[in-house]
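Undergrad: Sequence:
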Amino acid sequence: MTDYIPIPCSQYDRYEVAIMHGCRLRLIWHADNVVYRRIVKPIDLQTRNGEEFLICRKGVETFSIRLDQIREVETL
Numbered sequence: 001m002t003d004y005i006p007i008p009c010s011q012y013d014r015y016e017v018a019i020m021h022g023c024r025l026r027l028i029w030h031a032d033n034v035v036y037r038r039i040v041k042p043i044d045l046q047t048r049n050g051e052e053f054l055i056c057r058k059g060v061e062t063f064s065i066r067l068d069q070i071r072e073v074e075t076l
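Per this note's numbering, residue 1 is the first one in the sequence shown, and the count goes up by one each step.
Quick caveat, the hints were computed from the structure, so don't treat them as lab data. Where hints are given, some of them may not hold.
[Unchecked claim] For lysine to any residue, the following SDA-like pairs were computed, each having C-alpha atoms within a straight-line distance of at most 20 Å:
#: 1; residue 1: Lys58; residue 2: Arg26
#: 2; residue 1: Lys41; residue 2: Ile28
#: 3; residue 1: Lys58; residue 2: Glu16
#: 4; residue 1: Lys58; residue 2: Arg71
Let the sequences and hints guide you as you build the complete structure.
TA: This is the structure:
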């Protein structure tokens, strides 16, 4: 069982639009008791084991962020 909390469809749509238009996002999220602040390029959305993730690229690094851990989003 997961503790994932689904996000509103409107927020999911915002990520889809950013991916389609190649926009960068300024994100603040938390994971493992750490707060991250980064400007990233979103490249995909994935669902794994009932949890949704934003796949991002920052330079040569590609990583995933669980959508319910994102606290702030700004489209650049």
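Undergrad: It remains to establish, for every hint, whether it holds in the given structure.
TA: Now for the hints, and whether the structure bears them out:
Proposed proximity of Lys58 and Arg26 is supported: the alpha carbons are some 11 Å apart, at most 20 Å. Our distance criterion of 20 Å between C-alpha atoms is met by Lys41 and Ile28, whose separation comes to about 14 Å. Between Lys58 and Glu16 the alpha-carbon distance is near 18 Å, which keeps this suggested pair within the 20 Å criterion. Among the hinted pairs, Lys58 with Arg71 is consistent with the structure: their alpha-carbon atoms are about 18 Å apart, no more than 20 Å.
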